[in-house]
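Student: Chains A and B, in that order, give the protein sequences.
Numbered according to the numbering used here, the first sequence terminates at residue 687, and the numbering increases by one at each position without gaps.
Numbered according to the numbering used here, the second sequence terminates at residue 186, and the numbering increases by one at each position without gaps.
Honestly, I wouldn't trust all of these hints.
Claimed, not checked - Label pairs and their in silico Cβ distance ranges:
#1 A:A605 with B:P169: 49 to 57 angstroms
#2 A:P192 with B:H56: 55 to 63 angstroms
#3 A:N318 with B:E59: 56 to 64 angstroms
As the list claims (entries may be wrong) - Covered stretches of chain A, going by a simulated chain B footprint (3 or more residues, C-beta under 8 angstroms):
#4 147-160
#5 238-247
#6 255-262
#7 292-300
Please keep in mind that the hints were generated in silico from the structure rather than gathered at the bench.
Note that the structure is a prediction, hence the values are computed from the model and not measured.
Quick reminder that beta carbons are idealized off the backbone N, C-alpha and C, glycines included.
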Amino acid sequence: MKLTGAEILCESLTRLGVREIFGYPGGAILPVYDALGKSKLHHILVRHEQGATHMADGYARASGGIGVAMATSGPGATNMVTGIATAMLDSSPVVCITGQVSSKVLGSDAFQEIDITGITMPITKHNVVVTRAGDIARTIREAFVIAKSGRPGPVLVDVTKDAQQGSAEFDWENCAPKLPPKRIRNNHDQAEFDRAVEMLNTAKRPLILAGHGIMVSGAMRAFEQFVRVGNYPVAMTLLGIGCFPAKDPLNLGMMGMHGEAWVNNAIQEADLLIAVGMRFDDRVTGDLRTYAKSARKIHIEIDRAEINKNVKVDAALIGDAREVLEKLIPHMQTRDHSAWIRHINELKGDSAVRDIQSLPDTGHLYAAHVINDLWKETRGEAIVVTDVGQHQMWEAQYYHHDRPRTLITSGGLGTMGFALPAAIGAKFAKPDSEVWAVVGDGGFQMTMSELATIVQEKINLKIAIINNGYLGMVRQWQEFFYDKRYVATPLVAPDFVALANAFGIRGERVTTRAEVTPTIRAARESGETVLLDFRVEQEDSVYPMVAAGASLNDMIRRPHSPLVETASDT
Amino acid sequence: MQTLVAYVENKPGVLNRVASLARRLAINIDSLTVGPTENEEIARMTIVAHTDERGAHRLEASLEKLVDVLLAENISDRALLERDLALIKVAADQQNRPHLMELIKVFRARVVDVAPESLIIEVSGTVDKIDGLLEVLRPFGVLEMARTGRISMTRGSDLLRPPVAQPESSALEPTGSGVK
Numbered sequence: 118m119k120l121t122g123a124e125i126l127c128e129s130l131t132r133l134g135v136r137e138i139f140g141y142p143g144g145a146i147l148p149v150y151d152a153l154g155k156s157k158l159h160h161i162l163v164r165h166e167q168g169a170t171h172m173a174d175g176y177a178r179a180s181g182g183i184g185v186a187m188a189t190s191g192p193g194a195t196n197m198v199t200g201i202a203t204a205m206l207d208s209s210p211v212v213c214i215t216g217q218v219s220s221k222v223l224g225s226d227a228f229q230e231i232d233i234t235g236i237t238m239p240i241t242k243h244n245v246v247v248t249r250a251g252d253i254a255r256t257i258r259e260a261f262v263i264a265k266s267g268r269p270g271p272v273l274v275d276v277t278k279d280a281q282q283g284s285a286e287f288d289w290e291n292c293a294p295k296l297p298p299k300r301i302r303n304n305h306d307q308a309e310f311d312r313a314v315e316m317l318n319t320a321k322r323p324l325i326l327a328g329h330g331i332m333v334s335g336a337m338r339a340f341e342q343f344v345r346v347g348n349y350p351v352a353m354t355l356l357g358i359g360c361f362p363a364k365d366p367l368n369l370g371m372m373g374m375h376g377e378a379w380v381n382n383a384i385q386e387a388d389l390l391i392a393v394g395m396r397f398d399d400r401v402t403g404d405l406r407t408y409a410k411s412a413r414k415i416h417i418e419i420d421r422a423e424i425n426k427n428v429k430v431d432a433a434l435i436g437d438a439r440e441v442l443e444k445l446i447p448h449m450q451t452r453d454h455s456a457w458i459r460h461i462n463e464l465k466g467d468s469a470v471r472d473i474q475s476l477p478d479t480g481h482l483y484a485a486h487v488i489n490d491l492w493k494e495t496r497g498e499a500i501v502v503t504d505v506g507q508h509q510m511w512e513a514q515y516y517h518h519d520r521p522r523t524l525i526t527s528g529g530l531g532t533m534g535f536a537l538p539a540a541i542g543a544k545f546a547k548p549d550s551e552v553w554a555v556v557g558d559g560g561f562q563m564t565m566s567e568l569a570t571i572v573q574e575k576i577n578l579k580i581a582i583i584n585n586g587y588l589g590m591v592r593q594w595q596e597f598f599y600d601k602r603y604v605a606t607p608l609v610a611p612d613f614v615a616l617a618n619a620f621g622i623r624g625e626r627v628t629t630r631a632e633v634t635p636t637i638r639a640a641r642e643s644g645e646t647v648l649l650d651f652r653v654e655q656e657d658s659v660y661p662m663v664a665a666g667a668s669l670n671d672m673i674r675r676p677h678s679p680l681v682e683t684a685s686d687t
Numbered sequence: 007m008q009t010l011v012a013y014v015e016n017k018p019g020v021l022n023r024v025a026s027l028a029r030r031l032a033i034n035i036d037s038l039t040v041g042p043t044e045n046e047e048i049a050r051m052t053i054v055a056h057t058d059e060r061g062a063h064r065l066e067a068s069l070e071k072l073v074d075v076l077l078a079e080n081i082s083d084r085a086l087l088e089r090d091l092a093l094i095k096v097a098a099d100q101q102n103r104p105h106l107m108e109l110i111k112v113f114r115a116r117v118v119d120v121a122p123e124s125l126i127i128e129v130s131g132t133v134d135k136i137d138g139l140l141e142v143l144r145p146f147g148v149l150e151m152a153r154t155g156r157i158s159m160t161r162g163s164d165l166l167r168p169p170v171a172q173p174e175s176s177a178l179e180p181t182g183s184g185v186k
């Protein structure tokens, strides 16, 4: 069957199971849009191409599948860069398709021509230019394999206009992916495996560092079994949240710069760290010279390049998290670590959690209240998509996730403006789930144009703006490290409720604690998108905090304030 | 200094990816040679990098993550045969020419071009040997030089072959982008 390149592209995407494409048309991709109109693919028109990539990313993270974004050449393609880098740093499988000028004028600085494969080389897992219609189907299939296999990541396919317009024989059976042969490496030798088993079975103060890789590998069940057999307490990275139920007594919470104090202290006291699908990012280790000095370390990780990159480990088990865990479990002895776990619980203080709800209403509205109330009201069952900054850390601390893929957040790149578009993508992936975008007043203003996308697509999203009138996390650093010189952090915002109304979206403003729960409840009961503008305490900070470069147990704690950090601080 | 060998797809853009990766890891490349192998679809690279063992491990593992890199291996600790080739154009007049010819003989180099005012000398061998010849030629006046950079091969039965067998890529193909 003879088809145009554009038709082959749409047909290939359809056959690969794609239903939605997030994109923005333009000259060099027009043939594909013409073919899109005749296909069964649903195209979501975004308001900025960065939004398209974040939506595809949010779609991928919520579904466990692959998100697809599309843009034209030149500025369309360059606008995708931030979203691609976000997906790269968080290992998210996103396929970006960009139009390109005709192959006959490539390299001539033609109108809207830019070397997007050159630009995105360091921020994609792979990228490729296609100049012939006959190569499109195989290239797209290969892009999907690359995006999803091993450690996932974004792939960009740049399709020249003549490839879209040209025609070729379309034969799905004869265009299977044909990737270069790779060396099959022996992931770990028996001695290394035995050493890991010996460490697992002899540790007295073991601690698991659970990361995103558990979710990516679909290892939740094996992980839970692993935890139960060894009776290991679990600390999570930001992206690991959800891989193990928050309500489980063995789940200690988040580690790192804004991790729980007892978690960071436990890491420093542990005699064995079992890192699963995490990469010892500087935000979770603090000063490497003082990091977990008394602990031996096992690293279960699919990416060889991560081994010994930041932290030197004693045993590296390279491979898919689920496969490695399943291989380890039969060799493990049931262990009793109750004394160690009791000790960690003592580190938590008497009441074990920051019981902010029991504090008397002081008339102040704290972001932590809002997020904790949101957790209670949604019974922890919503998909929460956050932006970057203080509210993101409060979300990680006060919204307790029991299921995987329910917290979607930009961890590695820390991309402000991520929340709103990524939440739209998540909603398309999980149309029956309740999806909340939790976003600061700064980040929201970066991508708020996507409100129009919500309206055009008639989707039902809940938006909670944690509005403190500052670029809060930067302000916090200025407070701690720059003697409160608030340069460029006070932030004027529009009237978000009026803004929402202008887009045709219902908005509510919340200024007191008493209003929080009823307003959230009303928003949930509404069958349409609602924007809530929470006017929270302006100069609140996230505690505890490990200053950049400080030791993990060297935490800045909350000073005397109406909010206690832990009960032991009162 | 660390030596890595990589087998890569012999197609445009691959060298850029490899070089860009080293740049991103802040690893300075001392020399990088690339040429076809007996299989025209595969090229072989020898990368000599200013880094330590840990940096070499990162470079090796990161290189192998590139789709177009079939294999990358740090061979610094192995028994190696190393060769560099240089063409050196040196000033030569009637008086010093005999002296020059003597030196060339000692270094087992050869003269490949003779002109009234200069000679081109071809020399191959280890980096040290070429550096040594260069040192003694300098007083005569080195007018121009081109070097290939190092190529390396492990000795004897220590084979480093490009991989051939590959499970069907389509077996890895995701069954759909939708909800699992």
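Student: Should the hint that A605 (chain A) and P169 (chain B) are 49 to 57 angstroms apart at their CB atoms be regarded as holding?
Tutor: 53 angstroms, holds
Student: In this structure, is the beta-carbon distance linking P192 (chain A) and H56 (chain B) contained in 55 to 63 angstroms?
Tutor: Violated - the Cβ-Cβ distance for P192 (chain A) and H56 (chain B), about 38 angstroms, lies outside 55 to 63 angstroms.
Student: Is the distance from the Cβ of N318 (chain A) to the Cβ of E59 (chain B) consistent with 56 to 64 angstroms?
Tutor: With Cβ atoms ~31 angstroms apart, the hint is violated.
Student: Do at least three Cβ atoms from the segment 147-160 of chain A come closer than 8 angstroms to Cβ atoms of chain B?
Tutor: violated (count 0)
Student: Checking C-beta pairs, does the segment 255-262 of chain A have three or more residues closer than 8 angstroms to chain B?
Tutor: holds (count 4)
Student: The segment 292-300 of chain A covered by chain B? Criterion: 3 or more residues, Cβ-Cβ distance below 8 angstroms.
Tutor: holds (count 8)
Student: Count the residues of the segment 238-247 of chain A whose Cβ falls closer than 8 angstroms to any Cβ of chain B, and tell me whether that reaches three.
Tutor: Holds, because 4 residues of the segment 238-247 of chain A bring their Cβ atoms closer than 8 angstroms to Cβ atoms of chain B.
When held up to the earlier numbered hints, the structure conflicts with 2, 3 and 4 and fits the remainder.
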